[in-house]
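Just so we're aligned, residue 1 is where the sequence shown starts under full-length UniProt numbering, counting upward by one.
Worth flagging that the hints you see were computed from the coordinates, not collected in a lab.
For every residue, glycine included, the Cβ atom is placed at its ideal position computed from N, Cα and C.
One should not assume that every hint holds.
[What the hints assert, rightly or not] Listed next, with one range per pair, are the computed distances between beta-carbon atoms:
{"no.": "1", "residue 1": "S50", "residue 2": "L240", "range": "23 to 29 angstroms"}
{"no.": "2", "residue 1": "L137", "residue 2": "M164", "range": "38 to 44 angstroms"}
{"no.": "3", "residue 1": "Y42", "residue 2": "L240", "range": "18 to 24 angstroms"}
{"no.": "4", "residue 1": "S319", "residue 2": "A511", "range": "39 to 45 angstroms"}
{"no.": "5", "residue 1": "G530", "residue 2": "R481", "range": "43 to 49 angstroms"}
{"no.": "6", "residue 1": "D565", "residue 2": "R361", "range": "34 to 40 angstroms"}
{"no.": "7", "residue 1": "V216", "residue 2": "I480", "range": "49 to 55 angstroms"}
{"no.": "8", "residue 1": "L240", "residue 2": "R43", "range": "41 to 47 angstroms"}
{"no.": "9", "residue 1": "S274", "residue 2": "G15", "range": "38 to 44 angstroms"}
{"no.": "10", "residue 1": "R31", "residue 2": "R514", "range": "33 to 39 angstroms"}
{"no.": "11", "residue 1": "S108", "residue 2": "S515", "range": "27 to 33 angstroms"}
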Amino acid sequence: MFREEEIRNAVWNIGGEKAPGPDGLTFAFLRKYWDIVGTDFYRAIKEFESYPNRIAVSNSSFIALIPKAKDPLCLDDFRPIHLLGCVTKAISKMLAERLKSVIGDVISPVQSAFVKGRQILDGPLIVNEILSWAKRLKKRCYIFKVDFAKAFDNVNWEFLWEVMGQMNFGQRWISWLKGLICTAQVSILVNGSPTKQFKVEKGINWNKSTINGIGVTMAETERLAGIIGCKAGTIPFRYLGLPIGADMRKKDSWKPLIEKFEQKLSMWKMKLLSIGGRLCLCKAVLGAVGVFLFSMYRAPKGILKILEKLRRNFFWGSSDRRPKIAWVAWDLVLNSKDKGGLGIGSLRAMNIALLSKWWWRFKTEKNALWRKVIIALHGAYAKLGGARNALSSKGTWGAIAAINKDLEDLNIPLQNLFQRQLGDGSDVSFWNESWCCQETFADRWPRLVALEANPNCSVADRCERSSNGVIFHGQWRREIRDGREALEVRELEDACKNVQLGSGDSKWSWALCRSGYFNVSSLRKAVDEGTLRGFNHVTSWNKNIPSKVRIFSWKTRLDRLPTLDNLLKRDLFVWMDANNQPSEERSRREVIGNAYLWGLWIDRNNSIFNNKEFNSIRTANSILSLMSLWLRSRVGCRSLSSWLDRSGFFPLSGTTVGSHSCKKIERTSVANPGSAGSG
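Using the sequences plus the hints, can you model the full thing?
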């Protein structure tokens, strides 16, 4: 039965502003006027509880077609969005909440996504590793990729009811699901208007289903595909949005990600957004686009360099055609605010941290299917932490297992960041895991491993708790000889004495977080601090101030504003030193430029120190008088007309300068008096 509290919680836990269905109501509206509509809503839910088939009246829905491509040509180019009514949504929410407690037990472990405790990346990792194993051992096999036309309504419903009955689901529960699914009718929104209602159908989308052969010819694959009725695919292919079987060390394998970055950080967005908006988008692109791929594959340095260049140019408003000054080193921009940066974070650190998460999951998810597959293919310890005798691999897991080398180059020992609290020792390998010191006993005493009767023994098999600590009980293939062997055994016994054994299974904790649970951001921050250049001051970041103003203040503190001194340091006044120009052209530029500078300098000083009112017209006339005087007396020019272009302006380095430019310079100089203004 549905309790009133359960119904109310469902209404309050659903997004309030989501697009409404045929009833036109949002949950924000229901919550606001719950005192008025709550009773009727309870009554509708209770009626469904007793008579599930009567929900047909309120079980209508709309399907809105959202384009997936720029120029959609067929239905496959649209993504259907289902818009349900409030009553149907609330009932579905309550049933889903009840199902959460048992869904992990009734759904097969091969279903890696959409189940609590499982991750969507598990499936692609398993497929990648099986494919690498088959190629390495030259196996002949097929990978059948099945695509359903829709998510839930393409299973044979009678089969579904039968299976649920065999799983001991009650008849009332099954009747509720029948009421929701079998009475559903939909209308497609075309230009905002719904079409005639129709019932949904079931079936497999054979147009997208493929069969991919490994170690077999394309002709054999096509023949089998013709029998099944699907397409013959090739390797590499995409599965759940990730490339499978591709060589991720090559640049071509990363082209889709580069294109997505270019689309997200497009030119028109750069022109419309302020530098604060561009900062926000740079962070969003990292979170929305790169994370999924970075969680599975190690990105080559060349790819990271390309992606960082795209982000850097977008942040500074630069492009290949119109380059602009990057006033602050990109490393400092990426660094955390604690180190004087803007806290964007580097892509390399994100990639390393996401791949390191697999180490944590391997240690903590003992019963996960993907872990069992990795152990079956690569040995009991999957090459993590320098385990011996593991199968070599250049595939996906090989790159994950080797990620600790990147961290060791930064003086970050990944293995030491995983801290183990020993239980009774039954789940820990005595020789092949670093449970007592930083290295494994197998690496420290290889001679003793060769003498061990059971190299795969656990800590519980060799260690016994006593009042004086832990006592080591060795089992050897032969007696230990005096000399070096006896000395190593004594060293081993001394190493075991200080260990404290508990009860139950071992527990892991993450050293960089107080909670003890692995956190990607903590490791990413540690990597950035070891690689990026920073300062010893903290970036002030007041959220009550607009982002562009905060960035302006940050640049001011770093002395990275486009002031005259900073421009001169970067040799931007090249028109004053145009040595590649003819002597007459160079002389003209110098006369015009110096006349401007001298005229502004005199008038600014008179305004600041002699309290004379600054007048743009007077300044412009003064500059023109200086030009005329210098040209007549020094260059021998009798008229300024020969120095003007057709519009009556003085050309300077591709730009025109006249009296209106003098006004602009005058306003700039008053607002930024520079050295003279400061006395």
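Each hint tested on the structure:
1. As the Cβ distance of S50 to L240 is approximately 41 angstroms, the hint placing it in 23 to 29 angstroms is violated.
2. Range check, L137 to M164: about 40 angstroms between beta-carbon atoms, so the 38 to 44 angstroms window is met.
3. For the pair Y42 and L240, the beta carbons lie near 40 angstroms from each other, so the given range of 18 to 24 angstroms is not met.
4. For S319 paired with A511, a C-beta distance near 43 angstroms keeps the hint of 39 to 45 angstroms intact.
5. A beta carbon spacing of about 46 angstroms between G530 and R481 agrees with the range 43 to 49 angstroms that was offered as a hint.
6. Between D565 and R361 the Cβ separation comes to about 53 angstroms, which falls outside the hinted range of 34 to 40 angstroms.
7. Against the hinted window of 49 to 55 angstroms, the Cβ-Cβ separation of V216 and I480 comes to about 54 angstroms, which satisfies the hint.
8. Checking the proposed 41 to 47 angstroms range against L240 and R43 shows it holds: the Cβ atoms sit about 42 angstroms from each other.
9. S274 and G15 have their C-beta atoms about 30 angstroms apart, which leaves the hinted 38 to 44 angstroms range violated.
10. For the pair R31 and R514, the beta carbons lie near 36 angstroms from each other, so the given range of 33 to 39 angstroms is met.
11. Take S108 and S515: their Cβ atoms lie about 32 angstroms apart, and the range 27 to 33 angstroms holds.
In the structure shown, a violation is registered for the earlier hints numbered 1, 3, 6, 9, in ascending order.
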